[in-house]
Structure formats: structure tokens, C-alpha cells
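K.L.:
Going by the UniProt record's numbering, the first residue of the sequence shown is number 1, and it counts up by one from there.
Hints may be right or wrong, so weigh each one.
Once the Cα atoms are required to be at most 27 Å apart in a straight line, the calculated BS3-like pairs of lysine-lysine come out as [to be verified]: (1) Lys123 - Lys54; (2) Lys54 - Lys66; (3) Lys293 - Lys54.
Label-pair ranges, simulated between beta-carbon atoms [as the list claims (entries may be wrong)]: (4) Ser340 - Glu271: 24 to 30 Å; (5) Ser256 - Arg159: 40 to 46 Å; (6) Met130 - Val322: 45 to 51 Å; (7) Arg190 - Asp280: 17 to 23 Å; (8) Ser290 - Arg229: 44 to 50 Å; (9) Glu315 - Gln152: 48 to 54 Å.
In case anyone wonders, no lab produced these hints; they're calculated from the structure.
The beta-carbon is built from N, C-alpha and C at its ideal position, and this holds for glycine as well.
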Amino acid sequence: MSVEDAMMSDANNKVDKGKGKAGELGLADLIVSDALPWVEKYRPATLDDVVAHKDIISTIDQFIAKNRVPHLLFYGPPGTGKTSTILAVARKIYGSGAALRNNCLELNASDDRGIDVVREQIKTFASTKMQGGGSAGFKLIILDEADMMTSQAQSALRRVIEQYTKNVRFCIICNYVNKIIPAIQSRCTRFRFAPLPQVEVEKRLNHVIKQENVNLTEDGRQALLKLSRGDMRRALNVLQASCPACHAAYDVTGESQVYQCTGNPEPADVEEIMRTMMNDSFETAYQRISSLKAEKGLALQDIIQGIYDFAQTVEFSSATRVYFLDQIAQVEHRLSTGGSEKLQLTALLGATKNAVELAPR
Numbered sequence: 001m002s003v004e005d006a007m008m009s010d011a012n013n014k015v016d017k018g019k020g021k022a023g024e025l026g027l028a029d030l031i032v033s034d035a036l037p038w039v040e041k042y043r044p045a046t047l048d049d050v051v052a053h054k055d056i057i058s059t060i061d062q063f064i065a066k067n068r069v070p071h072l073l074f075y076g077p078p079g080t081g082k083t084s085t086i087l088a089v090a091r092k093i094y095g096s097g098a099a100l101r102n103n104c105l106e107l108n109a110s111d112d113r114g115i116d117v118v119r120e121q122i123k124t125f126a127s128t129k130m131q132g133g134g135s136a137g138f139k140l141i142i143l144d145e146a147d148m149m150t151s152q153a154q155s156a157l158r159r160v161i162e163q164y165t166k167n168v169r170f171c172i173i174c175n176y177v178n179k180i181i182p183a184i185q186s187r188c189t190r191f192r193f194a195p196l197p198q199v200e201v202e203k204r205l206n207h208v209i210k211q212e213n214v215n216l217t218e219d220g221r222q223a224l225l226k227l228s229r230g231d232m233r234r235a236l237n238v239l240q241a242s243c244p245a246c247h248a249a250y251d252v253t254g255e256s257q258v259y260q261c262t263g264n265p266e267p268a269d270v271e272e273i274m275r276t277m278m279n280d281s282f283e284t285a286y287q288r289i290s291s292l293k294a295e296k297g298l299a300l301q302d303i304i305q306g307i308y309d310f311a312q313t314v315e316f317s318s319a320t321r322v323y324f325l326d327q328i329a330q331v332e333h334r335l336s337t338g339g340s341e342k343l344q345l346t347a348l349l350g351a352t353k354n355a356v357e358l359a360p361r
């Protein structure tokens, strides 16, 4: 999302705080707001709106108040508020007008991963003076998904950071901090954004559900929270995709609709798969699972995640549980590297049969 989009999101947040203000905002504003994906429509406009991470927000607030903002490195799983936080920081420093557009550059490093973007766009922006921006005294460059940059580009970036520190602050955002070279890590203040607590995800979901008048059942709400796994972006995307207003086939959003939209197996399906793998013959179990996959459009990768969760409730000994989870991990790894689903399903069946044999009688 560009800085201009962030400004639009700021305006749209005013819409979600007061749906009855159509006369003040005008029809065009409401149309733009309704057309936005919910992850953008309800993106936090200020640091106070950011969900969770209060220690991080408090620390950054102190940096801004004392005008001692360092280079920043935000890392952690997707959907935990990294980009939203730095965009809120940019608005707090520069406001939401021309100063923000002129003094803040946001790049998605997964698109522009080579050394040319460092030499051209970043260096050109960093070498020019500020245009407005109040007392900040520096420009801000946001590099999203920086873990996708090549090592050569990161080395060039390290030199730019050193050369233009007086004029620019960098915010490096990534999912995997180990993919950022140590020379960049050592020049930044690091903040880890952990998966959001379920209570915080639920609080934000309830706000969106109320604003959008989503007809969501309680089991649908619990399915959303379970599948989000601390990822607010995923939770909002699934909620929007499965809500009746966006999906003509649904009158109400329940557990079944949520699982159908994500392609994940329902808990009842996972339970049936585990039961047939543990109790039926190899051939019967293979045919039953293959039929269920075809009938419901399930991928083995998604089934494995459900099996992992379900396996925690099975009464295995510690040694058996370790063996079974290790086998599941190997099957998942082989699938991720292009392994055949048919072969990996037989491997999963074999591992389950062995685990049952190892289990105490």
C-alpha cells in the first residue's frame, strides 16, 4: 500500500467510526469506502488504534516525542500490524497532507528486490532535502517484505543507510529476520511483532462485524478465530469473503461457510479422517480420504494442519506422539517441495498405522 493509499485509509476510518455521517462525507466518500477491502477500510489510522503490541507502541511514541527516531526493523508473522504501525508512525510525524507524500517513501521489496532499486529510487529519495514535515528533521523510507531482497541489494542498502543517516530514517519490515544480513540488523532497533492474542483479534472482529452488520453465528466466530492464528489480515479477509453481503450463496455466516471459504477441512471431517486412518484397513482408509478430498475440494496440506491439531487430543504416549508429529512434519515438507499428494497420503496413512501399533494397549 502506498502512502497515498494510507491517506485514503485514514479518511475511510472516519467513515467506519460514524456510518450516519453520509451528509458530511458525501456520496463519493461512502462509495470509495464500501469498495475498499476490509483490511484497508479498517486499517488503524493512529498508533492508538493499533491492536496489541502496547510495549512497542509506547517505545516508538517516546522516540517520536524526543525526536530521536532510530532506524527500525519490524519482524514477525504476517498480519500482526507491522505495516500498519509504521504507516501510523508516518502520519504522526508528518501529518496526512503534502508533507507525508513528499517525505515518506514506501517500497515493497518483494517486487523490487534487486540492487537497481537501491541505487536509483532509494538513493535518489534519500539524497534530497526534506520538504516541509515540521520539526522531524528527516525523511522516512519504508521497505516492506525486505527479506525478499537479494544479498547484493541488502549490502548496497547498508551503505545507503550509513551514508544518509542524517537525512533519512529507514524502517525495514520482514517476516523472517534471519534473511536480513547482520550488517543491516545491527544498524536498526529491532521489534518483534508476535501473533495477535485471540482476545485482541476477537475485539477487532466484533467491531467490524458491528459496522458491517454481518450475520455471523457463534460457531462461525470461533472458526474465524481458530483459523486466523493471530493473523488479523487473514481474519478480516475470511470474514469479508464469507459474509452474506459478499457471498450470494450464504444467508448467514456459520462454521461451515468459514471453512468452505478457506478451503480448510471442518473439524468433523478431520475427526472422520483420523478415525478411518486409525481403525480401518489401509485400502479402505485411502479410498475414503481420497473420496472426501474430491467431494469437498480439500488439499492434503490443509488436512495435515487439522490432523496436527487433532493429534494433540489423541491418547498417545510421549514417544508415539513424537514419532507421529515427526512423520507429519516430513510429509508436509515433501508436499511443500512438490511431492505427489497420492504418495504423501500413503506415507501419512503408514505413519498413522505405525503410531497406532506403537501406542500402549
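K.L.:
Confirm or reject each hint.
P.N.:
Outcome of the hint check:
1. As the CA atoms of Lys123 and Lys54 are separated by approximately 33 Å, the hinted pair breaks the 27 Å bound.
2. In summary, the hint linking Lys54 to Lys66 is supported, as the alpha carbons are separated by about 18 Å, within the 27 Å threshold.
3. With a C-alpha separation of about 43 Å, the suggested pair Lys293 and Lys54 falls outside the 27 Å cut-off, and the hint is violated.
4. About 26 Å separates the C-beta atoms of Ser340 and Glu271, a value consistent with the hinted range of 24 to 30 Å.
5. The supplied range of 40 to 46 Å is broken by Ser256 and Arg159, whose beta-carbon atoms lie about 55 Å from each other.
6. Separation of Met130 from Val322 is about 57 Å and departs from the stated range, judged on CB atoms against 45 to 51 Å.
7. At about 51 Å, the CB distance of Arg190 to Asp280 disagrees with the hint of 17 to 23 Å.
8. At about 28 Å, the beta-carbon gap between Ser290 and Arg229 misses the expected band of 44 to 50 Å.
9. Between Glu315 and Gln152, the C-beta spacing of about 53 Å keeps the proposed range 48 to 54 Å intact.
Checked against the numbered hints given earlier, this structure breaks hints 1, 3, 5, 6, 7 and 8; the rest are met.
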